[in-house]
Amino acid sequence: MAGNRSTLVLSVVVAALAVLPLTGVPDHHLRLVAEILILGVAVMSLDLLIGYGGLVSLGHAAMFGVGAYAAALFATHVSPDLLLAIPAGIVAATLVGAVMGALVMRSANLFLLILTLLLSQMVWEVIFRWRDVTGGADGFRGIPQLTLPGGMAIDSGVDLYYVAGVLAVGAYLVAASFVNAPIGKALVGTREQPIRMTALGYSIPRIRLSVFMVSSAIAGAAGALYPFVNLYVGPQVAHWTMSATLVIMLVLGGVCTLFGGFIGAAIYLVFQTHVSSYTDRWQLVVGLAFVATVLFVPRGLGRELHQLLRPLGLGEPRVTAETDKKGTVR
Amino acid sequence: MTGHTSIEPTGAGLSLHGVRKSFGSYTAVDDVTLDVLQGELLGLIGPNGAGKTTLFNIVTGFVRPDVGRVVFEGADVTRLKPDQRVRRGLVRTFQKSMVFPELSAEENIAMAARARQGSGYAWWRPAERAAEALAEGSRLLRAIGLERRGALPVGALSHGEQRMVDILVSLALRPRLLLMDEPTAGLTREETARVMDLVRAHDRSTTVVLIAHDLDVVFSLCERIAVLNLGALLAVGSPEEIRANPEVRTAYLGSHREH
Ligand SMILES: Nc1ncnc2c1ncn2[C@@H]1O[C@H](COP(=O)(O)OP(=O)(O)OP(=O)(O)O)[C@@H](O)[C@H]1O
Ligand SMILES: [Mg+2]
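Going line by line, the protein sequences match chains Z and L. Going left to right, the first sequence walks through residues 1 to 330 as full-length UniProt numbering numbers them. Going left to right, the second sequence walks through residues 1 to 259 as full-length UniProt numbering numbers them.
Source of the hints: derived by calculation from the structure; they are not laboratory data. Every residue gets a Cβ at the ideal spot worked out from N, C-alpha and C, and that includes glycine. Treat each hint with caution, since some may be false.
[What the hints assert, rightly or not] Beyond 10 Å from chain Z on every Cβ pair, some chain L residues (computed):
(1) 25
(2) 71
(3) 78
(4) 81
(5) 83
(6) 112
(7) 114
(8) 115
(9) 130
[What the hints assert, rightly or not] Dumping the calculated DSS-like pairs for lysine-lysine here, alpha-carbon to alpha-carbon at most 25 Å:
(10) L:81 with Z:185
(11) L:96 with Z:185
(12) L:96 with L:81
Put together the whole structure using the sequences plus the hints.
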């Protein structure tokens, strides 16, 4: 699906990201961009569920949080090697995602939203109460810096930025290959015409479980890098309000685009960083931006941007069909 | 595939044993026992609300019967989920066509072809499987004369063309038993003939059950006809027998003519 021109666009974006540190951007700005890339990956993974699967989860922070704690604990107690600590986060998040997916794969709509919320809050409770291991409400401190396999520490904003960049590109390629593969098409099929998909012999729970696991793995990868931005992780990363923040970022950036996740994360974090220095009410500003997006750019900024980029041949988003969603079999 | 040798019904492809289904106090399907013979084309007729679609829902697993058993090719499938039955070759179409309007006709058919190939859940797969699935789409579209429309989103096609694509999607599943719920509604005479020719030519060993309100279609095409009225099976027999049946005449054919 990804034509030559969309590969070109991706290459240009990657090249621009690669040379950004050479332009003399201050280190703390690079740290902010790194955070945007990390959260963007988490939002993009949520897009697989919400945008492509029509599965509105309010529990995605559980996977992000488990990835974060697992990587932080692994780095502290076992090895700070990047190539071991990040996979540790991915594995832990995928396991939690598999359990959550298995429990919710037969539900949809509001019921799914509430179930994911409840299950993720149970994860949060565990993190919050298990003081000896996680540090409880105080959060987990004393995390070592990640190291490259050679032993070189990832200690500057630039280093972190490059690691986050590699993570973002890798995660994007994984997610894009998923949505373009048969499984991704089947996923959109279950969103559009679940009854038809069943009548084609597809098992809808199986498709939902797959997307939950893939999406959890990607969220876990993002979460795994997150503690190393500030060498600290607190239980709020797994809280349902974090899940809600990810949903807001997704809507701001545009559902069903994948890259919209990065735009949404950028808008949100830039607001948080810059507006919060002028007013304590920055969340109100974000809220207003959210409402304005829903009212005036309902398809999200990512989609509008996509329209502009269309002549460049950026991958086709899966548009929602105006189909009759009546559940009755006629 | 039996080729073009004569197709003698060899036994029951599908058997319903005392199937009943009530919605609240209303019995939509009432103690239906019926054998559909392997390879035959059976017409299922009856007035509106007779329970025809409900019977299809029971056979395909979308509705669980209150009592009774559904036996498909010798195996009791009453407890199987709809998608499990489809993978055994028990395929249906819907009264209201159900396509993916945003996808092209070829992609619609490929979605079915991949399900049948077993590559429907694949993430990384060899390119030739993908090409195969799309080729199946082109082949079927060509067979019905829609090859020029194959790349358009199905939502942009005419009503009749959409119905035809819907049926091609079901054929791409290579059904052993195909249940067609009013496939010809909204089609012209000529389109109806094309569709039914294709269904029969597709694989002569496929058993077909056809619901249609157009009695001319049913009486001219079907080898046997079953009549449903108020959920109960009124009669099963050859077109001549059904035409001559006095009960059928009073319950259905007579009243139908008055419309
Ligand atoms: N899910 C359901 N819940 C309640 N009642 C139902 C349900 N499905 C069908 N019915 C009722 O069962 C009866 C039989 O319906 P069914 O759709 O099987 O008839 P039909 O023979 O297919 O009619 P038509 O020719 O109009 O398509 C109708 O009275 C219908 O209202
Ligand atoms: Mg009906």
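These are the hints, each one checked on the structure:
1. 25: 20 Å, holds
2. 71: 20 Å, holds
3. 78: 17 Å, holds
4. 81: Non-interface label fails for residue 81 of chain L: nearest chain Z Cβ at 8 Å, not farther than 10 Å.
5. 83: For residue 83 of chain L, whose nearest Cβ neighbour in chain Z is about 5 Å away, the distance does not exceed 10 Å, so it is violated.
6. 112: Contrary to the label, residue 112 of chain L does not stay out of reach of chain Z, its closest Cβ about 5 Å off (not over 10 Å).
7. 114: It is violated; residue 114 of chain L is separated from chain Z by about 5 Å at its closest Cβ, not greater than 10 Å.
8. 115: The claim breaks: residue 115 of chain L does not keep its Cβ more than 10 Å from every Cβ of chain Z (closest is about 5 Å).
9. 130: Given that some Cβ of chain Z is not farther than 10 Å from that of residue 130 of chain L, nearest at about 8 Å, it is violated.
10. L:81 with Z:185: 22 Å, holds
11. L:96 with Z:185: Holds, because 23 Å separates the two Cα atoms, which is no more than 25 Å.
12. L:96 with L:81: Measuring from Cα to Cα gives roughly 21 Å; hence the hint holds.
The structure fails to meet hints 4, 5, 6, 7, 8 and 9 from the earlier list, while all remaining hints are met.
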